[in-house]
Each structure stands twice: as C-alpha cells, then as structure tokens.
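A.B. asks: Protein chains in written order, with this note's numbering: chain C, 3 to 348; chain U, -16 to 334.
Possibly wrong hints are sitting among the right ones.
[Stated by the list, open to error] Computed footprint of chain C on chain U, listed as stretches where at least three residues anywhere in the stretch have a Cβ under 8 Å from a Cβ of chain C:
| no. | segment |
| --- | --- |
| 1 | 106 to 119 |
| 2 | 145 to 151 |
| 3 | 160 to 166 |
| 4 | 185 to 196 |
| 5 | 299 to 311 |
[Unchecked claim] Taking lysine-lysine and the BS3-like style, the derived pairs with C-alpha atoms no more than 25 Å apart in a straight line are:
| no. | chain 1 | residue 1 | chain 2 | residue 2 |
| --- | --- | --- | --- | --- |
| 6 | U | K239 | U | K134 |
| 7 | U | K22 | C | K38 |
| 8 | C | K306 | U | K62 |
| 9 | U | K171 | C | K84 |
| 10 | U | K196 | U | K171 |
| 11 | U | K181 | U | K171 |
| 12 | U | K51 | U | K26 |
| 13 | U | K22 | U | K34 |
| 14 | U | K181 | C | K306 |
| 15 | C | K94 | C | K236 |
| 16 | U | K22 | U | K51 |
| 17 | C | K94 | U | K171 |
| 18 | C | K84 | C | K61 |
| 19 | U | K239 | U | K249 |
| 20 | U | K181 | U | K196 |
Quick caveat, the hints were computed from the structure, so don't treat them as lab data. Here a beta-carbon is modelled for each residue, glycine too, at the ideal position from N, C-alpha and C.
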Amino acid sequence: MAVDLSEAVKKSGNGGNPLSQKSESLTRDAIRRLLKNRAAVIGGIIIILLYLMMIFADKIAPYDYATQVLSEQNAVPPWLTKVFPVMESYAKPPVDNPNKYILGADYVGRDLLSRIIYGSRVSLIIAIIGPLISLIIGVLYGCIAGFFGGRVDNFMMRIVDILYAFPGLLFTILLMTFFRTALSKPDPGTFGEALSFLDNSLGGMLFIIIGIGLTAWETMARLTRGQVLSIKEKEFIEAARSIGSTDRRIMFKHILPNIIGPLVISETLAIPGYINTEAFLSFIGLGVNPPTPSWGSMISDGSKVVRTYPNQTIFPALMLALTMFAFNFLGDGLRDALDPQMRGKS
Amino acid sequence: MGRYIIRRLLYMFLVILVVSVITFGLMHSVPGGPFDKEKPLPKEIIANLEKRYHLDQPLPVQYLQYLKDLAIPRISTTKFPNSIDADALFKFKIGKYYVRWVNFGPSYSSRSRTVNDMLRDQLPISIQLGFLAFCVAVVIGMPLGILAALKQNSWVDYTSMTMAIFGVSVPVIVLGPILVWIFGVSLKVLPVTGWGSKPPFAFGIFSTTHGWKYWQYAIMPMFALGLSSSASIARLTRASLLQVIREDYIRTAREKGLRERNIVIKHALKNSLIPVITIMGPMFAGLLTGTFVTETIFGIPGMGRYFVNSITNRDYPVIMGTVLIYAIFLVLCNLIVDLVYGFLDPRIRFE
Chain C
3 MAVDLSEAVK KSGNGGNPLS QKSESLTRDA IRRLLKNRAA VIGGIIIILL YLMMIFADKI
63 APYDYATQVL SEQNAVPPWL TKVFPVMESY AKPPVDNPNK YILGADYVGR DLLSRIIYGS
123 RVSLIIAIIG PLISLIIGVL YGCIAGFFGG RVDNFMMRIV DILYAFPGLL FTILLMTFFR
183 TALSKPDPGT FGEALSFLDN SLGGMLFIII GIGLTAWETM ARLTRGQVLS IKEKEFIEAA
243 RSIGSTDRRI MFKHILPNII GPLVISETLA IPGYINTEAF LSFIGLGVNP PTPSWGSMIS
303 DGSKVVRTYP NQTIFPALML ALTMFAFNFL GDGLRDALDP QMRGKS
Chain U
-16 MGRYIIRRLL YMFLVILVVS VITFGLMHSV PGGPFDKEKP LPKEIIANLE KRYHLDQPLP
44 VQYLQYLKDL AIPRISTTKF PNSIDADALF KFKIGKYYVR WVNFGPSYSS RSRTVNDMLR
104 DQLPISIQLG FLAFCVAVVI GMPLGILAAL KQNSWVDYTS MTMAIFGVSV PVIVLGPILV
164 WIFGVSLKVL PVTGWGSKPP FAFGIFSTTH GWKYWQYAIM PMFALGLSSS ASIARLTRAS
224 LLQVIREDYI RTAREKGLRE RNIVIKHALK NSLIPVITIM GPMFAGLLTG TFVTETIFGI
284 PGMGRYFVNS ITNRDYPVIM GTVLIYAIFL VLCNLIVDLV YGFLDPRIRF E
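Given these sequences and hints, build the entire structure.
C.D. replies: The structure is reproduced here in structure tokens:
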C-alpha cells in the first residue's frame, strides 16, 4: 500500500508533496481526452489544413477559378484516362502540355483543381457562420423564453412550433429567393443596395447564410430553453436573486456559462449539416453566383457529364465528403471529451 | 386518446393555416409576377392573364379564394365540365350529386396542367422514393445499432460505428454521382436515369409495375438517399440501447433466467426505441424533401424539379401546393411519432 502511494507521488512529479497536487482542471482533462482520440485528432488536422488551403487559395491554386480556355474544354490529363478507362476513346489532353491540368478542366476549360481549392471557401465559411448565427439567435431566444416562462414562453415557443412545421429546406429556398429578388429590383433603397453589394462581393454567399441562419436557430432555441428550465430553479440562481442581481446579470453571468457547453457541442455536431445544406442549395442552382465556385455547384455541373467525364463530379464530391468526415470526427471527439456521458448519441 | 387526437388534429389544422398565410404572403411580396418574361409581354395580355387567374384582385380576396377552392367541396347535380378550373384531387358521386373536392389550382408555367395533375402524377413517385429510402435507413440502421450496442467495445462495435460516421458524411450529392458512375456507367448493371413506374398509380400512391422492372430503377436512388439517415439511426439506436441495457429491470430479467434474446427484444429494445422514433418523424419528412436532389441526379420525374422551377417562375399555386403538402406530411409524421410513444411507453398518457 505504502509503495503504491509513493509511486503515485513520483508520477505526479510534485516534489513528493501529495497535498500540493492540483486536481486536473476540467478543460485540461477534456483536451487530454480529445488528444487521445485518434479519429478526432485526424479530423482536426484535416480541418486546419482545409482552412489553410482556403486562406492561401490565391497562392496554392495554379490557375484562376474563372479563366475559361475554350480550346481546352473537358481536357483530361493522361493519368486520369488510366484511372478511368471509359474516357480513353474521346478524352484529349491539352495540346501544349498534357499535364497542364492535374485533375482536368471543366466544360468551359477552367482548371478543376483551382476551382476545388477556391470552392472550399463557401463550404468552410458556412461551417463557421452557420453555427454562429444559429447560436446567437437560438440561445438568446431560448434563454428569454425559458427564463421568463409563463405567457412569454408559451407565445415564443408556439412561434417556434409553427416554424417547425415548415419543411426546412423549402422555407430556406423560399426565403433566399425572396431576398434575392426583393433586392435585385431597380431601387431597393440604401439598405437594400448595401446588402446586394455585400452579397455580390461575397459571390452570392450572404443570402445563403441568411437563408440557412433564419431556419437553423429553431432547434437551438428549443434546446436552450430546456437547459434554462432545468437550471433556473437551482439554489445558486436563487442566491444570486436574493442579493439583488438583475435579470440580465443572472441570465448572462449565471445561467449562460452553465449551459453553453452542451449547446456548443450540439452546434459542432450540426456543422456537417450546414455544409450539406449549402451544397444542396448550390446543387439545385440557388447557391453562389457563377463563376464563384462551390463544391455543390461543381458536383451539379459535373453530374450532367458523369457518363463521359466522371472526374468532374468525383473530385469535388470527394472533397465535400472529406470535409464532412473531418467535421463529424472532430465533433464526435469533442462531445466525447467534454461530455463522456453523451458518448455515441447523435 | 380519441380526444387527444382530435385536439392534435385541430392544432395541426391551425399550424397548416399559419404556414399557408406565411407562404402566401412571402411569395406575393417578392417583386415581379409570374408573367414577367425576358421579352416583356404587352400590357393588355398581362392584364388579361392576371384577370384569368384572379391576380388582379386584392391579396386577401385571392387568399380566401384559394382556401375556398382547396377546402370547400363543389357539389352539382350535373356533370362538371372537363376544364382546368373544375379539376380536383377527389372526384366522386354521391347519389345524383357530383362532388369535386380539393383543388390546388392551375399551374401558370405549364398551362395545360394543374397542380392536382402534379400531385397525381409526380408526387407519388417522390413518396415512393422517400419511403424506400426511409426503409433503407431503418432496415440497415437499426440492426447495425443493436449489434454495436450488444457487442460494445468489440470490433463489431468499432467497425459499425466508423461505418456510421462515414455514412453520415456522405450526402446524396456525393453518393449519387458516384453510384451512377460505378453501377450505371462502369459496370452497366443498372439504368442511369428514369423511374420504374408510371401514372396512374394504384390508390394514388403505389406502383403498378413490380419486380426487377421497378427495382432496377429504385435501388440506386433509395440507397443514395437513405444511407446517411441509416447511419444516424444506427448511432442513436446504439446509444439509447446502451443506456437501457444498464437499467435495473434488465438485470432483474437476466436474474429471472430469461433468454438473452427475449431480454433484448422484449425488454431492452422496446424501451430504447423512444429517442429513435423521435427522430424518425422529421427524418421521414426530410427524406421526402431530400428527394429533390436525388431526382435531379437520377433523372426521376418526381415532384422536386417542379418545386424548384416554380419558385423561379413565380408559379404561385405550385409553390403553395408543394409547401402545404410537405408541411402536412411533416405535421402528420410528428403526430404519428407522438402516438407511437404511448404504445412503447404506457406511462406516457395523452392529456
């Protein structure tokens, strides 16, 4: 027994004084557990690499994403014809340099690799902004409903119920078209002009973000409300109230920090969903404005010629899948690390 | 129970009404009309067209007119003329009265067809596809999740859960083209485009073609659409079953000496199904909307294409019809889910 204890003291490396040994902080414990999860670490590394690729897209991409070389439409490098023997009979490499396009060119002769690299922008930005909007609106909404309770709660939650009855994707599509056309009329006003300018400079992403953001917060609001309700009656809230804290202070200083953990986890797990929605919208032609590339629109363009030039769909599709893998693995790992009890729940 | 259902149905009716008002308001507040073409039509023609479709009337009147066509049956002693305006989803005869009920209105962009035609000819295809995908999700997902939970921390568990994460990460737009390329183009075992059944459908929904003729078209789309849902069902089933298996009553059942299979099926599984059932409602509705992309990839003549086109064309009745139909599906799915709760867990009372 005594031997065991001394061994433990040695391991703790605290100069042999067992009493000075600090207990591991919650965060550090979580990080340790996260780093032990190999899948999550790989996911995290892939995500960092993807974001680096996005930031340095101008440096990495061999060509511009919009430059069309019409003489090199659907150009296919020799190595691809070996991988996809179907193309042998008609695929032709560029004349001057057969390996000019590593992954080939699309139907108007734009380099596929460069478009894939630039296309990461849309998906990866949505992966940040989607959860952010949904967290801000949803948490605020749920907090207010749960905290004040009673009639306020009832009213606010009925609104969420009704929004829930909207088929989500259809509503997003409707909202996006609404904003787009409402702001493309001749005189949309100063605010409208500012919005459409912003949208144009983002290549049409603003309205995707608005469309997704306006529908995504409902789940978050419900979740937050439930959490607030469960914590509202705890003693420490009563204590805060008894020393005269204002509602706002209680909400932001006492309730929010205690519930934010599970909310962030659930939002991390939702990221692949946002990426998927953007790709879906771009696929049906309601996403970014051409020529801005997005993996969804590239898959859509490519799937029209999948029988002849499979490379034009398969590469963007693989990138999309890779990104979603990475976020899924990281999100799962985060959840397991922060909240071991929830392991395996989706 | 009966009262509960009636109250829920009334509430559902209210929700659908609100959905219809919002959709109606939203689509009419978008500037521009259904007859704006790139080459503008003469003013008189537009005025005539708007009059023909009652678009010249104030919005509330239009909305009430729409509701009236939709909800109130038209009854007549003489046969209805075979015109587009008198079309309806349900046509039947009671005694000497001809009844026509539920008219979703004409379609502006394809003049010879009505929204009812689309609901008759295209919607069943989308429902078939969505339902098959749902079956794929349940048939693959549940056993996988159960196996993983029963053999927790074994290779079975790890393999199936890794497979599940891969499944969740491969949406239709990724899986669809890859399947087409593998089975349709390279191996040439399955047709690349089309759907195996044509209208008219049995009971308005079911296919009249059977066997390989039907399935050769259905296999790829249903897997492409259903696989990622099967992965989330698998993960949820596993998690929920793991929780239940540690409960005291399972231990009691074991100590009573019940057979392991009976314990799993009768005691554990039934109790672990509630969270799984909860996501199945929205999932089924989501799969129905998810058919939009699947239909585009596999060239299936379903509802999806019409909806997307209808929005850009300002085809008001088509937009309204689609949104309403899907909203009704969604609300009905949730009602069914709530009723199934009571069956799975008798402690849940319907108040």
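A.B. asks: Please name the hints from earlier in the document that this structure breaks, with their numbers sorted from lowest to highest.
C.D. replies: As far as the earlier hints go, 1, 4, 7, 8, 12, 15, 16, 18 are violated by this structure, in ascending order.
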